[in-house]
Amino acid sequence: MNEELRNIWTQFFNWVMGNGPRPENEVIPPEPPPALPFSQKPTDKFSRFHEATLKERYTQWLELHGLHLFSVIYSGLSVLTCIVIVSLLLATVAELPPFGHERNPANNEVIRRYVQHGGRETGAQNIVAGLILDYRAFDTFGESAVLFTAAVSVLMILGASRRNSLKDSQNPHTDPEGRNFSQRGPPVIRHHLLRKDDAILQGVASLSIPVILMMGCVVVINGHLSPGGGFSGGAILSTALILAANAFGFERVHNFFNERTFIVSSSTALMIYALSKGYSFFTGANHLHSIIPKGTIGDILSAGLILPLNICVGLIVAGTLYGFYALFSEGDM
Amino acid sequence: MINMFAYNIPFASIFLMMIAAIITPLLPNRNRLPEKLSCYLIGTVGVLSAYLLYTLTNSGQSLAFNFSMGHFPAPWGNELRAGPLEAVLALVFSVAMLLSLLGNFSSTQEDIAPARRNIFCVLVNLLMASLLALTYTNDLFTAYVFIEINTIAACSIVAVKEGAETVRAALRYLVMSLVGSGLVMIAICLLYDLTGHLLMQNMHGAIQVLVTTKSYIMPLTVSLALITVGLAIKSALYPFASWLPDAHGSSTNASSAILSGLVLKGHIFTIIKIFYRVFGLDVIHALRMDTVIFALGVIAMIMGSVHALRQKNVKRMIAWSSVAQVGYIFLGVGLNTTAGIAAACLHIIVHACVKPMLFTAAGGLSNSAGHKKGLHALMGTFYVNRWAGLGLIAGACSMMGVPAFAGFASKLRLMMASFDTPVVVWSLAALATSSVLNALYYVPAVIVILTHSKDAQKNFTVHPPTKLYNFSMCVFLILNFYLGLFCVPLLRLITRGVNVL
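Chains as they are written, first to last, in the numbering used here: chain P, -8 to 324; chain G, 333 to 833.
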């Protein structure tokens, strides 16, 4: 019994460590002495009086130990820096005004107006939505533009170059001056580890995707009435796309959501945001009358521009998150 | 009160560039339409900024105005603020951006694959929009959002040229930049917790109260240090500048020119605004941040040049020289006087005009030497591409501080500003040493391109420089001499701008 247990333990240990039982007849060649990779010349065996100079010894020592020494110093210094910064930040946080206290500096007239008059002034029941999409809509425009920038950059670096090199490998494409743009080798296509016939995944996905889509739409459309909004709803929508891609393959998603649709939807959504909010900024700054109605608080069609802006932000977020997933895992959209 | 049209210019120029960036991916990629659109719109922004500047200087009593973004006034909504300094910077940024794009119009075509050109234009437009927003914003969080846009777009225009080197440089730049972004974010959170505001003037009031009552001094110091270091990483102050030579040296010429000339300046101007408008110079002095900035600036001036001396690649040499020039700007900021900050702003403008010229000239010269970037390969290229040669010589003279060139004017103002401060000896010594070091690497470069060499000229694959290239070089040279010879009215304007910053 004890012997068996030990046997199992050995097998388990070997399995974990990845070294299985070694065959008896295996001949292990003796390891050659570590070669010095960059040393200038081997020392002459026969010169009895040759003594390595201090500089030679130093270079040899550096070649043998330099990398190790560097990594030790590097990690030591990183840990030290982290400890210093962490303790500094913790000390700072300990000095800050107590959290949630009534007389904190952050509890000032700015917050008071948001909370007391937010509903009346923006028409949104959800104060956060009114705050980010009406009071400080310019910041949110910037945030959406950050997502747009990131998506476009990833698309350029991963998408455009890959398509280019795919095209090049078929017929070498050169520009009029004769320079070839594809300096890399043939494209590496990563086959996504995906079982196309996974019945359980497909069944669950076909059941849950409509629910997820519905949920995402509800969160986006009710953004001005209940917690949620474009950012969180868009993230939910993108999970439906990612799930569909994993269950049914990227080709199926590609049929209705590809790079072109992504660019068109993101640009259009951001353009609607920019133009409508630009109108609102312009009228607000110049004290002109704005034609945008506020509606009654609590209605689905209320809160002025917040509902369309939420939909725009939701579209951008959903497209960007799915785009990141597809581009990083598949290299294409 | 200024007229309605000028009043809307800050808002209009930001939105013009944003809308251009958004619409560019939808444009057809034929006839280089996106690039032409970018150039026209940047030119329009330049004209608008010039008009704004003209209106502001002739308006009389109130020199700066606030523009509330939306129906809600400032502490609740977002706000822009424009004064003479902002208008000058917007004008300089748009002119330098336009000239960098025009001058490198053909090299962009050679370096960037056709599928990527559309997106390159998107990124350039976004960079321009974020620079304008950083210049005009009066709200710290808006500044942060546009710093983010600026960071991502800047890293991507490094990687726009394909190749392992650029991707590595872009990744390095991205990691360093994100560390900076994180520090700035933490600092903004701390400041909001201490002051309860994000609007710069209101933060200033709250910080004055905190300092006079001597409460929360330690978190205030930490947040000032974090925000300064975060922005210093992005603007390549010396100990944090290790990403710069790779990023600026390996990317395409237009990207190098834009990054060195403009992107660094957006972050530096944000630091200036935070020092001047949010904290106030007396608080900066009380928290000792001026000494730190001054010391780092002096070290950057020396070390940037020392590193540049060791470079064999002409673009990397110019990139390290940027580190030294950023040191000059921080020296001016570290003097912690209005005159010092005005001189620093003048140097921002000078460097924004000279450094794109140097990169464009170096690109043109290495193009005529058959795309070789080594300094020795450029031997005799002056006689192949004379405008580029003239540009390099003028830029080198400017960086060394030869009288009548742009760099001389700003260095002179930095010296004069430092006479009123206790650190005058240090700053004079640093300026003198750094000028000599600049000469040590720029003079050999100039000698190399002027040396006749029969053997080398056979290898030249002569792409005759285009008319656009010559035109933009010409404008760069004119700007250089204008700044060097007639900078007094500009400096008066900047000083007025700093006073109402």
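Be a bit skeptical, because a hint or two may be false.
[As the list claims (entries may be wrong)] Covered stretches of chain P, as calculated for chain G (at least 3 residues, CB under 8 Å):
#, segment
1, 75 to 82
2, 236 to 242
3, 276 to 287
4, 291 to 299
5, 308 to 315
[Unchecked claim] Cβ-to-Cβ under 10 Å is the rule here; a few derived chain G residues that face chain P:
#, residue
6, V507
7, T527
8, S574
Honestly, the hints are just simulated from the structure, not real lab data.
Idealized CB from N, CA, C, for every residue including glycine.
Taking the hints in turn, this is what the structure says about them:
| no. | hint | verdict |
| --- | --- | --- |
| 1 | 75 to 82 | holds (count 3) |
| 2 | 236 to 242 | violated (count 0) |
| 3 | 276 to 287 | holds (count 3) |
| 4 | 291 to 299 | violated (count 0) |
| 5 | 308 to 315 | violated (count 0) |
| 6 | V507 | 13 Å, violated |
| 7 | T527 | 6 Å, holds |
| 8 | S574 | 14 Å, violated |
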